[in-house]
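Student: With the hints as your guide, set chain B onto chain A.
Chains as they are written, first to last, in our numbering: chain A, 69 to 245; chain B, 2 to 432.
You may find that some hints are simply not true.
[What the hints assert, rightly or not] Far from chain B, by Cβ distances over 12 Å, these chain A residues were calculated:
#	residue
1	P116
2	E130
3	K134
4	V137
5	F196
6	E200
7	D220
8	R227
9	G233
10	V235
11	R236
[What the hints assert, rightly or not] If we take Cβ atoms under 7 Å as the criterion, some of the chain B residues that face chain A in the derived model are:
#	residue
12	F388
13	Q391
14	T396
[What the hints assert, rightly or not] Derived DSBU-like pairs: lysine-lysine, alpha-carbon spacing no greater than 35 Å straight-line:
#	chain 1	residue 1	chain 2	residue 2
15	B	K403	B	K348
16	B	K185	A	K182
17	A	K160	B	K382
18	B	K239	A	K223
19	A	K154	B	K382
20	A	K182	B	K129
21	A	K160	B	K239
22	A	K110	B	K373
23	A	K87	B	K305
24	A	K154	B	K335
25	B	K336	A	K182
26	A	K134	B	K241
27	B	K129	A	K110
28	A	K182	B	K373
29	B	K239	A	K224
30	A	K154	B	K373
31	B	K403	A	K110
32	B	K239	A	K134
33	B	K241	A	K224
34	B	K336	A	K223
35	A	K110	B	K104
36	A	K87	B	K382
Simulated from the structure, these hints should not be mistaken for lab results. Quick reminder that beta carbons are idealized off the backbone N, C-alpha and C, glycines included.
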Amino acid sequence: MQKQQEAENAEGAAGKKKKKVTAAQLRVQRDLQELTLGSTMKMTFPNPDDILNFTLSIEPDEGMYKGGVFHFSFVVNQNFPHDPPKVKCTQKIYHPNIDLEGNVCLNILREDWKPVLNLNAVIVGMQFLFLEPNASDPLNKDAAEDLRATRDHFKKNVRNSMAGGSVRGVSFDRVLR
Amino acid sequence: MDLDAETPGSPEAPVVDQQGRWKHLYNVLSKPGPYTDEDWVPGPETIQSLESSKIFGAGGLGCEILKNLALSGFKDIHVIDMDTIDISNLNRQFLFRQADIGKPKAEVAAAFVQKRVKGVTITPYVGKIQDKDEDYYMQFKIVICGLDSIEARRWINATLISMVDMEDPESLKPLVDGGTEGFKGQARVILPTLSSCIECQLDMHAPRPAVPLCTIATIPRQPQHCIEWAHQIAWQEKRKDDTFDSDDMEHISWVYNAAYERAQHFHIHGVTFQMTQGVVKNIIPAIASTNAVIAASTTSEVLKIASSCNPYLDNYMMYAGEEGVYTYTFEAEKKSDCPVCGNLARKMNVDRNMTLGEFIESLGERAESQLKKPSMRTEEKTLYQRFPPQLEESTRHNLELKLADLIEDGQEIAVSDPAYTIDFRFRLNFN
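Just chain A, with the same shape it has in the complex:
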C-alpha cells in the first residue's frame, strides 16, 4: 500500500518536473549550426521551437532543374541519429529518383545511413539529385527510361513538367520560381 502511494507521488511529480533536452534535439541543434546552405537552399521552420520538423527548399542554379523551387519535408524522430531523417518531396515532380508520392531514393536516407552522417550530408545529397539525376536507381521508372533513352528529350520533359505540364499523361505541379 505504502509503495503504491510512493509510486503515485512519483507519478504526480513527473508532470511538474521540467523535461530535459533530448539527445536527438541536441544533435539536431548542433547539425543545424554546422550546415553550409549556400544560396541555392533555404530552410523553413513552421514552429521555430520544434527543430525536428522543417522544410528544405532547393533552387538549383545549374543543371536541368535550374529555375525550379523544390520543397522537401524533413521529419527527425527521437531516435536520431540512429534513425535517418524522413525526407519527402511535397510536390509532384518529374524526376527519376523521386516518385509521384514524393519518396526519395537517396542511399544515405536509407540503406547507407550511419549515425556519423549529419543533416548537412543529407542536404548535399539532395542537392546532388537535381544536378545529376540518376537513371540507374529509378523510383520513377518512366522518367528513368526517358533519361536513359535521350537526354535531350528528358530535358524537354523536365522543363515541361516544371511548368506544370504533363508528361506521358501524368500532370505535374508547377515549380517554377
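Tutor: Coordinates of chain B only, in the frame set by chain A:
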C-alpha cells in the same frame, strides 16, 4: 514436458524446502572466492543487504529476468512493462498461460513469481518507463533492463546519468542492459558517468538493414521486397487517407494481398501472411534459449554488483549463437564527446532579470564556459539558434527577453558552440 498440464493462470506453489532453496546462494555469499575483493565481508550482512536491495526491471526479457532475480535472493523487485500478453508470447514467456492473453504482462508475471518464490515482493507497473521520473528511479539500487528498442535504452540511460550527483554516491544507479536478436545477444554493465554509456556505444548498433527504395520500386528479387513495396509504396498510393496500423488485421491483409500479386507478377515465391506481418512489424524471431542466456548473464551481474561477491562484467559481453557459440567480452570505451555522459549539467547561478542576450554574452566571458557563438534551447523552446538564417531571425527577439520570461528557475538548457565538438548543459538557478 507438458507445461500446459498445469491449471491455466493459477500456478500451484509446490512444496519447496525454503532453507534448501537458498543453500547454494548462501554458500557463494558466505565465503570469499579467489576473485572477491579483499575488503569484502561475507556472511549474513551481505545476504541481508541483497535482500533489501530494491531492483528495477523492465522489458521483453522480463519473464526470465524476474524469475532469475527472485531465485537469486532479491526480495524487493519492481517491474515496468507496457505490453499485454499475446498468444505469440506463450512459446517462451513461460510465466504466461493461455488464459492470461490480453492481460498486462507486468501484473501477471509479478503475481506468478511472487506466488512461486516465497518472501519476494514484486511491484508491477503497467506503462512506459518514460511515465516515471527521477524521484521514482532514485529509490532503486540497481536497474536491469531487457528493453526492445534503442529509443527506450537511450531514455533510461540519459535519465540515470542525469540523476548522478557527484556528492551523493547513492545517486549512482548501475544499469545492467540485456538484449537479444534471434541467436545473437549482448549484456552490458553501465556505471552512469563512470563508464561507457549507451549513447557512447550508439554507433555500435548495427542499423536496421534496409533495401534501397529503388530496388523495392523497380526490380524486386525477394518476397520481402514485394512486401516492402506494398507497405511503403502501394499503401501511400492507394490508401493515402488511412494511417497504416501494423496491429490492424485488415491493413496487414491488404498489404499481404498487394504483395502477393506483385510477387506473382515478378515470379517470386514465398510471400506469406506471416512473413508480411514479420516484415511490416520488423519482427526478428525471439529465441527462448538466447533470451535465457542473456537474462542469466544480466541477472548474475546484478547479483555480483549488489553483493560484491565477485567482480562484475567490465563492461560488454557479446554473444553470438548463429554458428556454434561465440562470446567475447571487452571494455567499451567512454566517448569524451558523448552528448549524454560527456558533459554533465553544470549548475549556474544567474540573475533572473538578465536578458538572454546578456546571458549569452556572459557565457563568452565566464571562465567555465568561454562560449563565443552558442546556440541554445530547452526541451520545449528554441532560445537562440544562430543558423540557419530563418531560425536565427525567428529566435532573435528572445535576446531582448528576460531569462525569467523564457525559462523556469532550475531549468536545464543545452548549448552547442561551433568551437567545441561537445555540447554543454547548464542548470540555471535564479539568484
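Student: Next item in the hint list is Q391 of chain B. Is there a CB on chain A closer than 7 Å to its CB?
Tutor: holds, 6 Å
Student: Taking 35 Å as the top limit, are the C-alpha atoms of K154 of chain A and K335 of chain B close enough?
Tutor: holds, 30 Å
Student: Closest CB-CB distance from G233 of chain A to chain B, is it above 12 Å?
Tutor: Label holds. Min Cβ-Cβ 22 Å, cutoff 12 Å.
Student: Are F388 of chain B and chain A close enough, Cβ to Cβ, to be under 7 Å, as the hint says?
Tutor: holds, 5 Å
Student: Beyond 12 Å from chain B, beta-carbon-wise, is P116 of chain A?
Tutor: Given a closest Cβ separation of 4 Å, the condition is violated.
Student: Measure nothing beyond the straight line between the CA atoms of K185 of chain B and K182 of chain A; if it is 35 Å or shorter, mark the hint as holding.
Tutor: holds, 21 Å
Student: Given the hinted pair K160 of chain A and K382 of chain B, is their Cα-Cα distance within 35 Å?
Tutor: Satisfied, since the Cα-Cα distance of roughly 33 Å is no more than 35 Å.
Student: Within 35 Å, alpha carbon to alpha carbon, are K87 of chain A and K382 of chain B?
Tutor: holds, 11 Å
Student: Hey, is K134 of chain A genuinely clear of chain B, shortest beta carbon separation above 12 Å?
Tutor: Its Cβ never comes within 12 Å of chain B, the nearest being 22 Å, so this holds.
Student: Under the criterion that the straight-line Cα-Cα distance not exceed 35 Å, is the pair K239 of chain B, K224 of chain A satisfied?
Tutor: Between K239 of chain B and K224 of chain A the Cα gap is close to 30 Å, so the pair holds against 35 Å.
Student: Report holds if the minimum CB distance from V137 of chain A to chain B is greater than 12 Å, and violated otherwise.
Tutor: holds, 15 Å
Student: At a threshold of 7 Å, is the proposed contact between T396 of chain B and chain A supported by beta-carbon distances?
Tutor: holds, 6 Å
Hints 1, 27, 34, 35 from the list above are not met by this structure, while the remaining hints are.
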